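Those sequence lines, one after another, are chains A and B. Positions in the first sequence are counted from 1; adding 93 to them yields the working numbering. Positions in the second sequence are counted from 1; adding 4 to them yields the working numbering.
Calculated directly from the structure, the hints in this document are not laboratory data. These figures come from a predicted structure and were not determined experimentally. Ideal Cβ placement from N, Cα and C applies to all residues, glycine included.
Straight-line C-alpha distance at most 25 Å; calculated DSS-like pairs for lysine-lysine:
#	chain 1	residue 1	chain 2	residue 2
1	B	K67	B	K32
2	B	K162	A	K116
3	B	K348	B	K75
4	A	K171	B	K162
5	A	K116	A	K171
6	B	K56	A	K171
7	A	K175	B	K33
8	B	K32	A	K199
9	A	K199	B	K162
10	B	K56	A	K199
11	B	K33	B	K59
12	B	K32	B	K56
13	A	K210	A	K199
Sample of chain A residues with no beta-carbon within 10 Å of chain B, all distances over it, derived:
#	residue
14	C129
15	L135
16	W203
17	V218
18	G230
19	I231
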Amino acid sequence: MKLDPKRYAEMTRNATPHSPVLKDCLWAFFVGGAICLLGECLRQFWLQWYDTELAGTLTSISLIFLSAAATAAGWYQKLGAKAGAGTLVPITGFANSVVSPAVEFKAEGWVTGVGAKIFIIAGPVIAFGTLASWVWGILYWVSTKF
Amino acid sequence: MAMPVRSGDTLIFSTPPVVRAWACAGGKKEAEGPLAVEFDLLFSDTSFGCGKWEKAESLLQQKCVARCLTKAGLDPDQVDLAFGGDLQAQCTASNYTMRWLGAPYAGLYGACSTMAEGLALAACFAAAGFARQALAFTSSHFCAAERQFRTPLDYGGKRTTTAQWTATAAGACILSPGGGQAGVPVTSVTFGRVQDYEVHDINNMGAAMMPAAVSTLCHHFADTATRPADYDAIFTGDLGRVGSGLLHDQMRREGLPLENHLDCGCLLYDVDTQQVQAGGSGAGCSAAVLCAHVLPRLMDGRWRRVLFLSTGALMSQTTYLQGESIPGIAHAVELAAPDTVPAKKEA
Chain A
94 MKLDPKRYAE MTRNATPHSP VLKDCLWAFF VGGAICLLGE CLRQFWLQWY
144 DTELAGTLTS ISLIFLSAAA TAAGWYQKLG AKAGAGTLVP ITGFANSVVS
194 PAVEFKAEGW VTGVGAKIFI IAGPVIAFGT LASWVWGILY WVSTKF
Chain B
5 MAMPVRSGDT LIFSTPPVVR AWACAGGKKE AEGPLAVEFD LLFSDTSFGC
55 GKWEKAESLL QQKCVARCLT KAGLDPDQVD LAFGGDLQAQ CTASNYTMRW
105 LGAPYAGLYG ACSTMAEGLA LAACFAAAGF ARQALAFTSS HFCAAERQFR
155 TPLDYGGKRT TTAQWTATAA GACILSPGGG QAGVPVTSVT FGRVQDYEVH
205 DINNMGAAMM PAAVSTLCHH FADTATRPAD YDAIFTGDLG RVGSGLLHDQ
255 MRREGLPLEN HLDCGCLLYD VDTQQVQAGG SGAGCSAAVL CAHVLPRLMD
305 GRWRRVLFLS TGALMSQTTY LQGESIPGIA HAVELAAPDT VPAKKEA
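Excised from the complex, chain B in its bound form (with noise of 0.2 Å):
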């Protein structure tokens, strides 16, 4: 097998692994959401019966990889690692899920940029052949995030225009060695470095997240020797609207405007009438937009080559109260359409 090739911090893969299947799952808002019939599976109650918002975000977390591993016609005993994460203190909803479903687990915390970072992953092991069968995944729950980050559900304090909406959602792709295999190839992957700005407000996330996602975009740019006109869309995870403005500024000043940048923050829900602020966040975000509408795009070649960042925000509760600023880091996972899918106008 041919070996990838290490171009500064980006791993460009010669022989790409494949993302062969996916699913995503999500709850009520997302339900009224734009996206809302790319979804695999939807749930109107958000708690699963259990009224321990922790719990239901692991099971819905654990549904979505149930989708995922039946689509790819995998029993749970031939997932041969599974990268996963989420936003719970010690990321319980993905150790609970990994319980249940009993394969070897690698757990990551990357905030936000955790899918980006477990396809990353899952992607170098399934490249170097360590995994056939390698799982990423990841959740966030609105109810979950909010009561652990900010305030009780039931306080009716008011959200300031920064403020972004954890998303309920979920997401879980599993990817193989390339070479044959059908599904959409990951042709390279940049693991970011992270950025502080030195922002501290805690309601506006996207302005602490935007370096570093100009910081990835620019090493990446910088290691495949491309330009933002070279794909079809670029990704970012949940920057919502003050953060893609930022971004946008930003990334002319680099040099490297961006015409076909798309935040799944603002994709996900209708900002304008969903009353979500500033747009979706959490990791769940990146991760559902991600299965419902950007891999199926790439797997009948309505689009060619897509760059999808994931963006997170790595402060605690704790951090944030002893007055430190929020770091931010993001990764980028390049994506292609299979070779063997030709060209296809979106109708």
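Next comes chain A alone, as it looks inside the complex (with noise of 0.2 Å):
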């Protein structure tokens, strides 16, 4: 055959269609700006009965409730082919990255589908999140020594 991998990997370049980016970032900018409008509607909501502290807390676990409630559905799905990082980078795309497997692997079992599972979108979020936080904490003792 008259190619090498070099120039295939050049010919593959050129012929792979453009993402639609304007149209992309017009979805994601309205869902994603959707997301936290509805955010700030529950958070004032929550304010009209406990202070600004305990309101962002529910403001988050309502969000989380709904995201999981919309990913059951299978409306979350729907969205997200759509949204992109406009539904991805909200919390309410953390939720769904969890309860997605969950759902998923239901058919495997409780312990050995949904409990081993759950975690294999997040995961990765949760070890190197965690491990960046020690990290920050580690440079930030350090910095009150002097």
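Work from the hints to combine the two standalone chains into their complex.
Here it is, written out as structure tokens:
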């Protein structure tokens, strides 16, 4: 064949259609913004009864609950397929990444399926997030010594 | 019986075996596609009410195989040998189908190339007289494949422009020795060689498999002293839009431009409106297009000579995560209209 891998990589790059960047950005901006707006509405709702800190916590919990319910109903995936980062970045995206494997792997049992696979997507975020917090904590501690 | 002739990588049958019955089954998205009316069976509930996608795929296969046997007028115990496979780890969909069918079985793993691989092997066994009724079948299921190779179904991720949609579909064929038997003759088969051009992107299978298609096409044309224009149509399994574009470019460079190429991944769905990104894929994609679209057109003489390739990407989730590139393979089966059928213009 008149082809080498280096030349083929170039051919493949040229043949790859570009993502519709503007359309994707608009979807992400408006859907992501709408989720944040929903969060703010929920916060104002909780502020009627609770202080700022507790209202903030209850807002996160509410968004996580709503995302979990939307994931279980199959709606979050449909929205995420269009909104991309708009649904991935907010806390609802993290909830989706935990609930979706839990739904998916129920067929393999509660322990060996749900229990073992629930953090298949969120696991690296938790592991490296925790590690980053340690590193930051040590740097902060060292900085207080000077 | 006259022996087949081996020419390079191609086996040319002096007495071609025939595909005497076939059937295909599809799911909901396939029912919304342009080939829907040509399917034997379509199911709107692709879980078959069982809640397990792997089992659902096996049930889809079983319904497809059962329809094929009915069309051939055969009982399961009349099948001499079955060649089958699928995309599930250890090919379990096919194993459970064969537990139900009970016939002698040789399991195959050729990824999305399984239909052409099974068809080619069944043709060899039928031509040699080792099997009077050889079954070749395969399938894929979008949900079973997604959860095995990618992310959970309810995960809200965005697909890339080069990604392809695994078909929920199955195809099955019964092959018998030629010489008087009615059916679509298999005139030659070319078994492919594994090609790896260091594509690492699991979301660009078309590009990973394209070199294998070029390799098999070049071998086939050289071995049979033919050119692309000698065929009414040349089918590839599931290169999709990206892989098909690359295939056209490369075949032009090889001096064998393809004017009559069709890709099963671009036929099974309306690529512009069904949100399948670059097109369809999966072992069931080429199997369904073969049984729904290609074989009927040969049987009634609308086409006289067709080259059918299925292309497969041979990585696993483990080798992909370990940074290995994606090897591809393609097998070709040359099909002809029965001698007794006069040429007919497509309506």
